[in-house]
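Model the full assembly from the supplied sequences, consistent with the hints where possible.
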Amino acid sequence: MIDKIKVGAQYWLPQHGLTRLVGKLASAKLGSFTTSIIRWFIKQYKINMDEALHSDPAHFKTFNDFFVRELKPGVRPVVEDESVIVHPADACVSQFGPIENDRLIQAKKHDYSARELLGGDLDLTEEFSEGHFATLYLSPSDYHRVHMPCDGTLRQMIYVPGDLFSVNPLTAENVENLFARNERVVCIFDTEFGPMAQVLVGATIVGSIELIWRAL
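Numbering (our numbering), first residue to last: 1 to 216.
Check before you lean on any hint, since a few could be wrong.
[Unchecked claim] PhoX-like cross-link-like pairs, simulated, lysine-lysine; straight-line CA separation at most 20 Å:
(1) 61 to 24
(2) 43 to 61
(3) 72 to 6
(4) 46 to 72
(5) 4 to 108
(6) 109 to 4
(7) 61 to 29
(8) 6 to 24
The set of hints was computed from the structure by calculation and includes no laboratory data.
Here you go:
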């Protein structure tokens, strides 16, 4: 019953308005109040600040600065074998598999369209028709930077407007076409392994995506 309420509430919440409001607060420099919120967040989500480049919560001027905190060099060693595709983020793999008949697995008994995920682009859909996918879930406690899994050259970027449902496992199990209906940025890269798409999906309260070449 509680799970149904958590999911159902997302349909009537002002997703974008709430996200904009929280975004403004998260980017505000509120001194000791900001530090107190960061300390609470660290305790609530059991974040290991020993891994952070700056471990003192007072170092961060805004909550957003803390949320995208850097890690110490060497904390996440990267394999040097260029034939290996590297895990690009501090995230768990919630789904992985082949793209079959334009479908990707979202959760048990739920799938969605690769074409819809890629913004309806038929040519891109065809490029990835026999490819594989991996869905990576970043929890609130995770290091919120996403890196390249291999060397590549950016070919195309597509912004796709949409909803801002939560993307946690509970919502993924209950909201149809979740990743293909949420606001997202599709980044297409040419790599030695072939074309690769990194699809960065927004969520409730996390509706901004900053790329090294552009901020959205």
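Structure-based check of each hint:
The straight-line distance between the Cα atoms of residue 61 and residue 24 is roughly 13 Å, inside the 20 Å bound, and the hint therefore holds. For the given pair, residue 43 sits about 19 Å from residue 61 by alpha-carbon distance, which is consistent with the 20 Å threshold. Among the hinted pairs, residue 72 with residue 6 is inconsistent with the structure: their alpha-carbon atoms are about 36 Å apart, more than 20 Å. Among the hinted pairs, residue 46 with residue 72 is consistent with the structure: their alpha-carbon atoms are about 18 Å apart, no more than 20 Å.
Proposed proximity of residue 4 and residue 108 is supported: the alpha carbons are some 17 Å apart, at most 20 Å. In summary, the hint linking residue 109 to residue 4 is supported, as the alpha carbons are separated by about 17 Å, within the 20 Å threshold. At roughly 6 Å between alpha-carbon atoms, residue 61 and residue 29 fall within 20 Å of each other, so this suggested pair holds. The straight-line distance between the Cα atoms of residue 6 and residue 24 is roughly 24 Å, outside the 20 Å bound, and the hint therefore fails.
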